[in-house]
Each structure stands twice: as structure tokens, then as C-alpha cells.
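Going down the list, the sequences are from chains R and L. For the first sequence, the residue numbers in our numbering are 1 to 161. For the second sequence, the residue numbers in our numbering are 1 to 503.
To be clear, the hints were calculated from the coordinates, so they are not data collected in a lab. From the three backbone atoms N, C-alpha and C, an ideal C-beta is built for every residue, glycine too. One or more hints might be untrue.
Claimed, not checked - Ranges of calculated distance between the beta carbons of each label pair, as one might list FRET restraints:
| hint | chain 1 | residue 1 | chain 2 | residue 2 | range |
| --- | --- | --- | --- | --- | --- |
| 1 | L | Gly381 | R | Leu55 | 28 to 34 Å |
| 2 | R | Leu160 | L | His14 | 43 to 49 Å |
| 3 | L | Leu482 | R | His37 | 51 to 57 Å |
| 4 | L | Ile472 | R | Ala58 | 23 to 29 Å |
| 5 | L | Ala283 | R | Phe126 | 37 to 43 Å |
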Amino acid sequence: MSEHGFSGHGRRGDVPTLLIGAFLLLLAGLTVYDASHLRQPMTDVGVGPSTFPMLIAAGLAVLGLLTLKSAFGHHTVNLGVPNAGALPWILGGLVANIVLLDTAGFTLATGVMFALSARAFARKSFLVLLPAGILAALAAYIGFRFGLQLSLPEGPLEALL
Amino acid sequence: MTFETFSLLFNGLHTALQPMNLLFAFIGVMLGTAIGVLPGIGPAMTVALLLPVTFKLDPAGSLIMFAGIYYGSMYGGSTTSILLNTPGEGCSVVTALEGNQMARRGRGGPALATAAIGSFVAGSIATAALALLAPYLVKIALAFGPSEYFILMVVAFTTVSSALGESQLRGFVSLFIGLALGLIGIDLLSGQPRMTFGSLDLMNGISVTTLAVGIFAVGETLFMATRSLDFHEEVTAIKGSLWMTREDWKRSIFPWLRGTVIGFPIGALPAGGAEIPTFISYAVEKRFSKHPEEFGTGAIEGVAGPEAANNASAAGTLMPLLTLGLPTSATAAMMLAGFQQYGIYPGPLLFANHGDLVWGLIASLFIANMMLIVLNLPLVGLWVRLLTVPRHWLYPGILLFAVLGTMGSNPSPVELTILLVVGVLGFVMRLLDYPIAPVVIGLILGPLAEQQLRRALAIGQGDPMILISSPISIILLTIAVLIGIWPIAARLVSRRYGRALEA
């Protein structure tokens, strides 16, 4: 990775690092909250289902505070997002797959995901990308369903096979 | 003892040489190389992506295919770094230094050959060392109780967090995110759901495959997509002879052997980090070379040594994995996940209960190694063509495989949603330079560590002092503390002596 951007933020603090620190503290809080609602077994000898979560929460809290502190140092790294426009295509592709999977079946849903995520890398027409995606997904479906006997969600297209 | 080892290994070879198993090894090697050669995909991601392929095989066949995938992916990775100056991950960085320079000077063939033969030599010696030493380690491990195991896992946690990243804080943050994710699901001892927040879908916890595939493959895809679009990688064509000259052989043999000696122990001790032996080997070869002036412009020693070190350390990581059940690299964590899918838990008892499996695996490492050398040099043209697959087909294809990987464990929209969330996590971690592997190791090792901790505390009636009540525990804990403060100490020393430490 040659494009490492090192940035020192001095007093203001590095925002992404601050967010990570806050996230860790939040995660620590959630873990404590969840662990405090667990029933301890009757044979309690100071060890139960909440022992390990509490240890992890303590670790997360310490790391969160250290991360917050480091946001004001000079060692934060943020590679930046030069081409943010690509993200919606890929995330959208995955969301489409999640939404379509149960109704449209594996091949169509994953084909749509393939086409949308390919669009993130090249400005090609969906008239090319979509058939390519469905063909690739179909090949994978056939290989996995018949070659490896893995069951994959079926839809109208799979019913034809 | 040794004789027994040989007869066990012989039985293993017998298993591995069954025609069906040879076929599995062949498929594994081909798939592993094909996926591993794709730019930006390291061995851990390759193993994660190909895990579902082995779901329906019998345990022996699956482990044999695994061995093929493991070595194939590493070989694919070195091909990429020689022909394309963009190493997929840490341990190929050094190979790219001299290897790509050789390729640019029309010596790509010999560079690939010394990498392949070096990997074979190192892999074979290291596998033999593994076969000879593992039974002794098993004997020691059988004396371990829950507290020793727990402390041992703490050692592993410290090393993976300290060795992998630049900054220890980042490493530990990654590890603890993994540990927290590992809490999700039903607590097996008390039967209570933890961190599910009422969601039935989270009851089974987060599968290691989904986490690994999401955080490696989806994260990498998101990351690569956000790099600028016109960015173009250039594949250096192979010109001239594929074969090494007599001079090349003479200059490669000792680097291979030295690389093996450096790589195996570093891989075997849970003081790992796959890139460390390659860096050490490079520095050593530079010092030993009769042609130090060639370093930086394509010295064959600089490819031979690090590649051997890389493979030897990969075989070395199998030692703690098989004898102690302790994964010390992301790839080893994926192997452990592969074992677990058959309900096999590596550790000292594995040698006793599933001896045929272990020795079959060790034997198939030999076979996979041999297949690689026979297949890959003649097939290099095919691998080069894979390098030139355009990114708009490559990454959607990776996503397709990632989706298949999650479907293999649980074909549902919920599993895909976890994949998406974990992928975004991996993307953010890449952007902010957090290491990825500790998350995977935290997820898979966390629940095992908890099990040992609770057993130990139950034995000690809740007294935490039980954890450090035996000499083994105290020694291990000292090691953990030393590893923990080592980077800080090193930083202080290097600050004092400036950059004089840099080789």
C-alpha cells in the first residue's frame, strides 16, 4: 500500500480515530449491559457466563480510551476514499442480493449483485453486465448444487433446471 | 519413537496416495493457485473462499484438498508478486522486491523457478520437521490443564496483536472486536443467549467462514473499488528461458536452506507473523551474498531465501495448530475452522483419536508440494492470464464466491446481512490501517479461551490465582508479557539509536 496518508491532527483530534474510540466504548457498554442480565448459575463460585464478557468489556473500555487519546497524537492513518462513488454500487448489490434471495432464488439475486458491483469498477451497460452476472451465478449454482450437493435458495430460474 | 513416527507417516502417505485423494490434492492445488494468483488475494482469503468447496467431502479428502489449497495459494501469491509489483499481503512484499526486478530484466522464469523449487525444498524439510517434532510437543501438551491452556491462548492473543500490525494498540483493538463478536450466541455452559439482543438469527453466533469471507473478501472489494478508477497494474511478461542456469542453482541452494532454518521455528513458536521470517531472510541473504550490489536490481538470493522462509514458516504454524489447537495466523485460523466443520478439535488428543487424519494431512502436504512443482512451472502461462483478468470481472467474481461461502454454512438472507455488515467493518479497518487477522483469531479462539478459563476457575473455586499456580503457566505468562512489551522496548531502543537498526 503506497498511498498511506499519515496525518497529525493536534488539538482537534482525528475524527475517524475518535469515532473508533467511541465505538469501542459503546461496544464495552453493550457487553456490560448484556452480561449484567445473565442469570448466574446456582453453583456460583465466582465464575459464570458473565465472567468472560466482563473481562472483554474491560479490555474494550481500556482500548477505547487509549484510542481516543491516540486521536490527538501524530500516528493516525487514514487512506481516504478517492472514489467514493463506487461504494453505493457494491453495497447496493449486496443489499439487492439480500432482498431478492428468498423470492428470486440464488442465481438471479446473485446475478444482480454481480452486475451492480461490476458497475463500480467499469462504466459498462447493464445489457452486458446483467447477463454476464446471471451466467456466472448460474455456473456457480450448477457447480455447487450438482457437483457438491450444496443446497442453495431456489427461485423460478432454478425450478427450470 | 522415531520409528513409530515413520510408520505413522507411511500410513499417512498410503492414505494420501489413494487415487481419489490424489484427485482431491490436485483439485486443491489448482484451485488454490488459481485463486491465490489473483491480485490482492492472500492465502487466508483463498482458504476462506474455498472452504465451502470442501464441505461435502469426507474429512480425510477435505483435509487433503485443504493442504493443496494452502500450498497452492502461497505459490499463487508469489507468482503475483514476481510478475505484478503489487504483493497481496505482508509475506509476499519481500519476494516482490527482487522478484519483480528480475522479471523486468527478462529473468521472470528463473525467479518463478527458484520460488517454486525453494518452496518445495523448504516445505518438504519443514513438513519433515513437523512430523518429527509434533509427537514431542503432543507429550508436553498432554500435561497442560485448563489454566495452562488459557494462559497459552493469552500468549497467542498477545503475539497476533503485537506482531501483525505496525501499532500494538491497533492490533489489540482488532483482537478485542473479534473477541466481542465471539460472545454472540448461546452460552454452551448455561444455555443462555449472549449479545443477541433478542434476535433469534444471532443465536447460533457468527460463523468463522462468514466473518473471514466478509472481512477479507468483501472488505477488500470495497477498498479496491474506492481506489481511483484509472489505476492500472502492469503485468511483466516472461521473457527468455523458464529454467534456472547452473549459476542460478548455485546461488539459490544455500538461501533455500537458510530460509528454511529461519522460517520454521518462527512459524512454529507462537511468536509468529508470517512476514517476519521473510524480512529476516532477506536481510541475512543480503549480508551473505557475494553480489550484494545486485540487491534492489534483481538478486536471485532475495527471492530464493524469503520464499523458502515463507513456506517453512507456513508449515511451522501447523505445529501449534495441530498439537495445541492454537492458530497463530489468519490462514491457520481458517484451517481450524475447516477442522471444526467436521467436529474435529485439533489438540494433543487429535493425534491419539484421529491419528490417521493428522498423518494423512502431513503426508498430503508432501504430495501437494510435489504436485505444485510438477504442475506450476509448465502452467505458468495460464496463471499469467489469470493475472490480467480485468477488475470489473475479478471483484464481482470474488463477491460471488464470498456469497457462496456464506451460503455453504447457512443459505439465508440473514447470513448475507452478516456478510455485508462484516464487510463494511473490514473496509473501515483497511481505511484506518487496522490489521484484519486478529479479528478472525479473536472470534475463533475467544470461545475456546473462555471454556478453558471457566474450567480453570471452577477447579480453583473461583480463585484467579489458580491460573498462575503451575511453573508452565508462569513461564508462558512471562513470555506473553515479554512479547507484549517487546515492541515498546524496541521502539525505545530504536529511538535512541536512530535508524541504525534498519538492515
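These are the hints, each one checked on the structure:
no., hint, result
1, L/Gly381 x R/Leu55: 28 to 34 Å, "violated, 54 Å"
2, R/Leu160 x L/His14: 43 to 49 Å, "holds, 46 Å"
3, L/Leu482 x R/His37: 51 to 57 Å, "violated, 39 Å"
4, L/Ile472 x R/Ala58: 23 to 29 Å, "holds, 26 Å"
5, L/Ala283 x R/Phe126: 37 to 43 Å, "violated, 52 Å"
In summary, the structure is inconsistent with hints 1, 3 and 5 from the numbered list given earlier, while agreeing with the others.
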